[in-house]
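Asker: Fit chains B, C and D to the known structure of chain A by using the hints.
4 protein chains.
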Amino acid sequence: MLTLKRLDENDAQILIDGAAAKAREIGVPMCIAVTDEGGNLVAFRRMDGGKVTSITIAIDKSYTASAAKKATHEYGEISQPGAPAYGIASAIGGRLMVVGGGLPVAAGGEVVGGIGVSSGTPAQDREVAQAGLDAFLAQL
Amino acid sequence: MLTLKRLDENDAQILIDGAAAKAREIGVPMCIAVTDEGGNLVAFRRMDGGKVTSITIAIDKSYTASAAKKATHEYGEISQPGAPAYGIASAIGGRLMVVGGGLPVAAGGEVVGGIGVSSGTPAQDREVAQAGLDAFLAQL
Amino acid sequence: MLTLKRLDENDAQILIDGAAAKAREIGVPMCIAVTDEGGNLVAFRRMDGGKVTSITIAIDKSYTASAAKKATHEYGEISQPGAPAYGIASAIGGRLMVVGGGLPVAAGGEVVGGIGVSSGTPAQDREVAQAGLDAFLAQL
Amino acid sequence: MLTLKRLDENDAQILIDGAAAKAREIGVPMCIAVTDEGGNLVAFRRMDGGKVTSITIAIDKSYTASAAKKATHEYGEISQPGAPAYGIASAIGGRLMVVGGGLPVAAGGEVVGGIGVSSGTPAQDREVAQAGLDAFLAQL
Chain A
1 MLTLKRLDEN
11 DAQILIDGAA
21 AKAREIGVPM
31 CIAVTDEGGN
41 LVAFRRMDGG
51 KVTSITIAID
61 KSYTASAAKK
71 ATHEYGEISQ
81 PGAPAYGIAS
91 AIGGRLMVVG
101 GGLPVAAGGE
111 VVGGIGVSSG
121 TPAQDREVAQ
131 AGLDAFLAQL
Chain B
1 MLTLKRLDEN
11 DAQILIDGAA
21 AKAREIGVPM
31 CIAVTDEGGN
41 LVAFRRMDGG
51 KVTSITIAID
61 KSYTASAAKK
71 ATHEYGEISQ
81 PGAPAYGIAS
91 AIGGRLMVVG
101 GGLPVAAGGE
111 VVGGIGVSSG
121 TPAQDREVAQ
131 AGLDAFLAQL
Chain C
1 MLTLKRLDEN
11 DAQILIDGAA
21 AKAREIGVPM
31 CIAVTDEGGN
41 LVAFRRMDGG
51 KVTSITIAID
61 KSYTASAAKK
71 ATHEYGEISQ
81 PGAPAYGIAS
91 AIGGRLMVVG
101 GGLPVAAGGE
111 VVGGIGVSSG
121 TPAQDREVAQ
131 AGLDAFLAQL
Chain D
1 MLTLKRLDEN
11 DAQILIDGAA
21 AKAREIGVPM
31 CIAVTDEGGN
41 LVAFRRMDGG
51 KVTSITIAID
61 KSYTASAAKK
71 ATHEYGEISQ
81 PGAPAYGIAS
91 AIGGRLMVVG
101 GGLPVAAGGE
111 VVGGIGVSSG
121 TPAQDREVAQ
131 AGLDAFLAQL
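Residue numbers (the working numbering), protein chains in the order written: chain A, 1 to 140; chain B, 1 to 140; chain C, 1 to 140; chain D, 1 to 140.
In isolation and in its complexed conformation, chain A is listed as follows (with noise of 0.2 Å):
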């Protein structure tokens, strides 16, 4: 038998919450998702203005950075063309997501979740997913 850590509901509201105060602040309305650490999702909110396909796409890279414990911007250096792992994008239905703005959730060296942030550039995404791990890590 196996024992491991999971991020809770609260834990899932204040990565959204961090998110969402960076997404407000550079002034990009987001989609922001919360996974747990099998990728099944926890949390999710559409801010005022954030995109309709962003809703799956968010919600892909927080499934992606989570399950496979890897930020999406990596999976998009090696999946370039040429790369290791070229053609990955398209894997599992086209939910591996190789866009930055998926960042694992790690706490006590044990991914517990991820984040997945899209509406605005792919760096803006990382920045708001980031900013709401820092929220995250800020308060353990």
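Calculated directly from the structure, the hints in this document are not laboratory data.
It is possible that some hints are incorrect.
Where chains are identical, the list cannot tell them apart; a pair therefore holds if satisfied intra-copy or between any two copies.
What the hints assert, rightly or not - Straight-line C-alpha distance at most 20 Å; calculated SDA-like pairs for lysine to any residue:
id, residue 1, residue 2
1, K5, R95
2, K70, P122
3, K22, G93
4, K22, R6
5, K70, T56
6, K22, M47
7, K51, A135
8, K69, P29
9, K5, G108
10, K69, P81
11, K22, E37
Quantities reported herein were computed from a predicted structural model and do not represent experimental measurements.
Answerer: Same frame as chain A, now just chains B, C and D:
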């Protein structure tokens, strides 16, 4: 050109908070989803202990209620064997939900969104969704 | 943060071996799947002669039982025409299984995974899943 | 009428055991799938620590290798921009995998199945899949 009303990010939180309060009162952790009048997800919360299968079911109950402007338990009645909408449960890749727990959210006679709840019995899901709706209507 | 228990790789083999032994005893080659408490696949075996359609059915029975914390035959009862969960069978893209043969796996009062069996009659599938569960519980 | 050879349940376990031994040796827990010559799943194992995203990826690598009778890393080469199979990575709903780690399993000049591995780098995945294949060939 159409002008329409749609629940916003803040309304979605009021709906979810109202539903979650009732879920805690009856002791059943729930998945709670809110969609806009186009059926697109605005907010989601999986309470600690909410079922993983209920993530999709709650979202799809809310999708059905808002996009079809009809409570899912009403679809349950008209989709029984021999009834006019028999077979509709598997429509839209199974997204059209006919199990209770999805309610349209109306304001001023207009559907502006929906709420979907899953993890308890259909009666519990419906009670919790109604509590979310009541909390929303109380502050209009 | 939540702390939870999950069956491991070795537990999954015990479950499958126990089920396969019963399948051989009754002379029905089976597809046998084991998922973790989040519904994600841990192990699968198609015995020689197991049905190809049963690959997905066994996996989805295990997914349903573990992620909804309910045996699939219980869903069969509450989803009959006129019953409260009528229509749930096509939820989650048809992954929610209401045919017997999926059982949650619990240890210490906590669901830690699931087992799903398919290729025989639902009664045979359920008997074989139960044998897997019994083998697991016997060695706890 | 065709007469064909297909790996059996026991062969699948030899392939998985051989791959898992190499995965332990290199210290990377893997998802390992074995399919028959029709691309249908025969056996699967997620080692403790194997990635959740890799469940589907391992199964689809094996599916691709067995059903197309071609190693997935070979598809990686011919699907680069400008190459003849460019764009094939998203075929079959994204199931056609072009990332290394999927190998056809042949016996007597005939493809009888496939093995797919995921959770490490593509090079590690390929090495582990090859170890499974070697274990199978060694006992023929």
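Asker: Under a CA distance limit of 20 Å, which applies to K5 and G108: within one copy, between copies, both, or neither?
Answerer: Both, since 9 Å and 17 Å are each at most 20 Å.
Asker: Checking an output row: K69 and P81, CA cutoff 20 Å. Within, between, both or neither?
Answerer: neither (22 Å within a copy, 23 Å between copies)
Asker: Have a look at K51 and A135 and pick one of within, between, both or neither, based on CA distance no larger than 20 Å.
Answerer: Intra 24 Å, inter 26 Å, cutoff 20 Å: neither.
Asker: Could you place K22 and M47 in one of the four classes (within, between, both, neither) given a Cα distance threshold of 20 Å?
Answerer: within (12 Å within a copy, 25 Å between copies)
Asker: From the Cα coordinates, with 20 Å as the cut-off, is the pair K22 and G93 best called within, between, both, or neither?
Answerer: Neither: 31 Å inside a copy, 29 Å across copies.
Asker: Go through the copies and call it for K22 and R6: within, between, both or neither, with a Cα cutoff of 20 Å.
Answerer: neither (24 Å within a copy, 25 Å between copies)
Asker: Within, between, both or neither: how does the pair K69, P29 come out at a Cα-Cα threshold of 20 Å?
Answerer: Only across copies: K69 and P29 sit 13 Å apart there, 26 Å inside one copy, limit 20 Å.
Asker: Cα distance capped at 20 Å. Does K5 pair with R95 within a copy, between copies, both, or neither?
Answerer: The answer is neither: 24 Å in one copy and 27 Å across copies each exceed 20 Å.
Asker: Could you figure out if K70 and T56 sit no more than 20 Å apart (CA to CA) within one copy, between two copies, both or neither?
Answerer: The answer is both: 19 Å in one copy and 17 Å across copies each meet 20 Å.
Asker: Evaluate K70 and P122 at a C-alpha cut-off of 20 Å and name the case that applies: within, between, both or neither.
Answerer: Both. Shortest intra-copy (16 Å) and inter-copy (15 Å) distances satisfy the 20 Å Cα cut-off.
Asker: Pop the pair K22 and E37 into one bin, within, between, both or neither, using alpha-carbon distances up to 20 Å.
Answerer: neither (24 Å within a copy, 26 Å between copies)
Checked against the numbered hints given earlier, this structure breaks hints 1, 3, 4, 7, 10 and 11; the rest are met.
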